[in-house]
Each structure stands twice: as C-alpha cells, then as structure tokens.
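Chains A and B supply the protein sequences, listed in that same order.
When the letters of the first sequence are read in order and numbered with the numbering used here, they come out as residues 1 to 410.
When the letters of the second sequence are read in order and numbered with the numbering used here, they come out as residues 1001 to 1235.
Check before you lean on any hint, since a few could be wrong.
As the list claims (entries may be wrong) - Computed cross-link-like contacts, DSBU-like style, restricted to lysine-lysine with a CA-CA straight-line distance of at most 35 Å:
id, chain 1, residue 1, chain 2, residue 2
1, A, LYS8, B, LYS1147
2, B, LYS1094, A, LYS2
3, B, LYS1229, A, LYS18
4, B, LYS1094, B, LYS1229
5, A, LYS323, B, LYS1147
6, B, LYS1229, A, LYS8
7, A, LYS18, A, LYS8
8, A, LYS243, A, LYS2
9, A, LYS323, B, LYS1101
10, B, LYS1094, B, LYS1187
11, B, LYS1147, A, LYS2
12, B, LYS1101, A, LYS2
13, B, LYS1147, B, LYS1101
14, A, LYS2, A, LYS18
15, A, LYS8, B, LYS1101
16, B, LYS1187, A, LYS18
17, A, LYS18, A, LYS243
18, B, LYS1229, A, LYS133
Honestly, the hints are just simulated from the structure, not real lab data.
These are the residues of each chain, in order.
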Amino acid sequence: MKFLQALKEAIASLSANKTRSFLTVLGIVIGVGAVIGVLSIGQGAEASIIGQIESIGTNVIYVFRGNRSEDVTNPNRLTTADADALSNRARAPHIINIASVLSGQSRVRFGDESTQTSIMGVAENYAEVTDLKLSEGSFFTESNVTNRSSVVVLGPELAERLTGRRTELVGTTVHINNYPFRVVGSAIAKGGNQFSSPDMDAYIPITAMQLRVQRQSVPNAVDFLLIQAQDSQSIDLAMQEAKAILRASHRLTSRQPDDFTMTNQEDILSIANSITKILTIFLAGIAAISLLVGGIGIMNIMLVSVTERTREIGLRKALGARKFDIQLQFLTESAMLSVFGGLIGIGLGWLLGKVVGIIAANSGTPLVPEISLNSVLLATLFSLAVGLFFGWYPALRAANLEPVEALRYE
Amino acid sequence: MEISPQAAMPVIDVRNLTKDYYLGEIVVPALRGIDLQIFPGEMVAIMGPSGSGKSTLMNMIGCLDSPTSGEYYLDSLLVSDLHDDDLAIVRNQKIGFVFQKYNLLPRIDAIENVALPLRYSENTSSMRQRAEAALQAVGLGDRMRHKPNELSGGQQQRVAIARALVNEPAILLADEPTGNLDSQSGKEIMELLMKLNQQQNTTIVLVTHDPTVATHAQRIVQLFDGLVKTPEAVS
C-alpha cells in the first residue's frame, strides 16, 4: 500500500519534469542498450560459430604443423607423404579417409569480373570428409590430382559474384592466378563449415595448387590434414593411430615432442566457445562503464531535485512523514528512472542486434543475434540496482533534513 | 492566569523549557525557561517582537524541534525527549499546521493536498471521504479538483486549514495565517478559525505579530527575550 502510493507519486513527480527525466534516463538507455546489444551479438556469434564447426561432422580430426604447448625447433612440414602414410589401413584401422589441404589467397577471374578469395588446394576425398555437396557436376577425381589438372569446383557465393549465377557453370573457364581452370562442379551453399566462409571458396586439386597458385619450398607440403575417423566413438583411437604414424614418418625419437598438433571437433568447439565468451564479457564490461556514467547522472539529478524540493520535504515531515517515508519516496523515483531507462535500453539493444544481424547477413556471414530472457532479466535487475545505489545518497540527504530548516528554505 | 473551566488537564503543558542555538562557539539562548499551559478548546495567540523566541516556541510546540532542557507534555504525552521518527508520528496524529505561505504541493489538486497527512498515518482507510469532509468544512466543497495555482490566496489557506484538520489533531498551530493575505481574505480566515474554535471546540494556537489578529484570541501570551512576559486575558 505504502509502496504503491510511493510509485504513484514518483510517476507524478517524474512526469512533471519530462524533459529532465528523459535526459537523465538517456545515460541508462545507452548503457543498457550497449550491454544488451553486445550480449545478443556475442550469443549470435557463438551460435553461428558452433553451427559452422558442427556442420563439418563430429568425426573429423585436424592436424596442423608445430606444437603449441611445447617448444619444437624446426618442426617438419606436413606433406602429402604424411597423408599417404596415414592411409595405411593396416596401421590405422580406425581412419577411413585423409584429405590434405593447402590453402591460400588468390585472384579469381571470369570474363571481366574478378575477386580475391581463398583457394583450397585439396585432395579428391575432401568433399567426402567435409560433406561438401555439389549442385551440378562432380568433384575432381584422383587422376585429376595425380595429373595436376587445372580443374575447379566453385563455391556458390563465389560463382554468383563472378558470373551472376550459381549453376550452369560446368564447362566454363575461370582464371586463378592467371592460369585457366575448367569448372567441373558447383557446390551447394553450406553457410559455413570452417572459420572461413566456404561458399566463397574455390576448390582445386592440391597438386595444381602447388604448381600454379602457391609454390612451396618443400615439395608436397600441405597446410593441414583432415582425418576422418570411422565414427565419433573411435575418434580417440584414430588420434592415437595418427599420432604414432606421424611421429614415425617425421622420425621423432621417443624423447622429442610431437612437431604437429591434432585437434578434433570437441577441442575446437570449446576453444571457439571460450574465445567468444571472453570477447563478449570484455565488450559487455566496456559497455557497462556507460551504465556507471548513467548512474552518476541519476545521482546528480536526484541531488538537484532534493535541493529544489527542500520545502516540500520539510512540509511532508511536518505533516508526519518519517525518515523512511522520505527515503522511500526518493529511492522510488531514482529506481523508476533507471528501470525505465533499462527497459528502453533493452529495446535499443534489440534494435542494435537486429541492425548488426542485417549487416552480417548482407555481407554473407550468417549471424543471428539472440536476446535471451536471462540477459533481459539481468539488464532490468542491474538497472534497478544502479538506480538504488546511486539514489541512496540523495534519498538519505532528503531523509536527514531538519524539518525546521527545510521549511524555512527559500 | 485564567483557566478554561471546561477541562482541568492542559492539552499543552510546557515547563521551564529552554532552547539554545550554537553559532560556532557562541551560545545563543532563544528560550530561557518558558512555562505555558493551554487547555482544550482554547484559542491562544502567541505574540512578541522579532527575536523574542516566538518562532522557536512554535517549533517546540509543533514538535518540529527538540528543546535543550525542560519538559513538554502534549495531550498528556511527554514529547520533549522523543526522537525524530516518534516526533513525526506525534506531528501526524496530534498537530495540524497552518503556515503563512500555505505550503501546498503545486502538482496535486486540493483534495490530494488535504489527504497528504493521511498517507503518513496508520489509518489509511477512506482517505478520500475524510479529505472531502475536511474541504466541505472549510467551505471549499466546489473546489476539490482545483490545483493550488487555480485558487486565490484565501482559498489556498482554506485548503491548508482543511489539511491541518483532516487527521483530527489535538491542536491547530497557525503561524501568521493571514500574513500573506489581503485584509478581506485575512478577515475571512480569522472568522473560519474562530468558527472552528467555537463550534467544534478546536484548540488553536496562533503565532502572530499582528495585534488585530491577536484580538480574536481568548488569551494572548507575550514573549520577550525568550521569556513569557505577562499573560493577559482578553474578553
């Protein structure tokens, strides 16, 4: 009853000074808006990255050169010879497929259109390992790889940018690094399956990559290997087998550490997760500073309001208001200001997320910002806390005014 | 000293009350031992030149401030050593204030202004009806929805009187109630106060420096240099 009354009075008092109330609230609006926006974009990014990683399949192991936890001097480059060694079914019964990848940036040209994009030099079984599906034509064959054939499979976005269409491209010719390549297939849009945007990629035989696009000092060098385990249960066994084979082929003694790094889906997922989480918390923390500034603005205005209404406070005390009544009245006002600002801020943050989502969609990166109920509740409670915290001192000042002096105040 | 015949127990009983103010190191005695009894149904004027301590005495009687020494019984309750929040309850229940400058809240209308003391009281039932009744009693039944700036000075002071009466206090304490009014409105306000005193037996304490206002009282208490000079009776 008392609280309802205080709420009613706070609404009346705040709406008597609409412009001032609005300007005061603006700091909180911007602060909460920024926090909510960052959180929603962060959550969207997380979901999108996880989705991309998961779309590869959960039984794929990545092998990179070098060791990130121990010091290794001159790590051996990974080569197609390593891939061949891993293909030994007798020594690695749980590995069913190996795909070597050598990637790099290059210019792709079709007629007058050209664009810079990433070229994936891959083995013929890459499509199978990464579950890449074609809308027309077929992926290149083992003999294409052996013969260093100048053939290419285009990602749909790349095809569209170059030719204005996504299909009916088989048989046409594109130039990569100024060498003509015959299009043998077009991929179906995947929306992403690695950290890059695969729909913008061009896939060529790894041998052609080595010959025409990216000459390597080590012959047969590759950037990384994709190992497909039998199924997701046998992934640990497959990793053990691969490790033994690679150590042998790199001639490492038992004392030397691995000069390669293996990761699987789970590892990459958890790394990506923690990276996006850290980034989100970091950015939200910066945004929260503006909430602090908004809170100080509320405190400032409440102090002005207490001074302006000294006589009113004196009168209320004369009529029987206790300290608690006065404190409640001013705390209700500051809390209402900040919660109101928080609610508008949630709307602003939602809008911010939407805009970023639209920009991301237009630039080909799938990112759907998500506003969870948790972040909305958190923002509301947090802005309430800001209002109470920064309203406390002005309310206390009001409550402690001496009635005689307050009544005499001009 | 004339004692009202209708009651033996004074509603205001002040005994040897002193109040010192401190200006840095200097002690300024504002009240130097006041003895004063006011009985139910009386209308008493407190007069005195400026600096005589009448504002200080009014603050004491109104429980807005605590004395340095001495005792003050209000309605048989020793209030001189109560603390802030208890004094607030006493003010709410026992005292109705009428100020020189009306002190109405400008944002809210007459009836809400009158109901303001009820918000701080324990009994919050039928607030609206009680505020309406108080406004009817001061002759403003047709101005309930008006805001202070839509009312004349005399009407605003009537709203303030209604607000003072709404909680049925033991005393009505009026500090220069006609000080801001023209003579006609001032006369009307004094007539209203006398009517309340005579018809409803309301105990009224007037603080004023205006002798024509003071003549409406049954008794005048003269203050001089923080002491009661000569209590004299008026017919």
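Hints not upheld, ascending by number | Hints 3, 6, 8, 16, 17 and 18 contradicted; others consistent.
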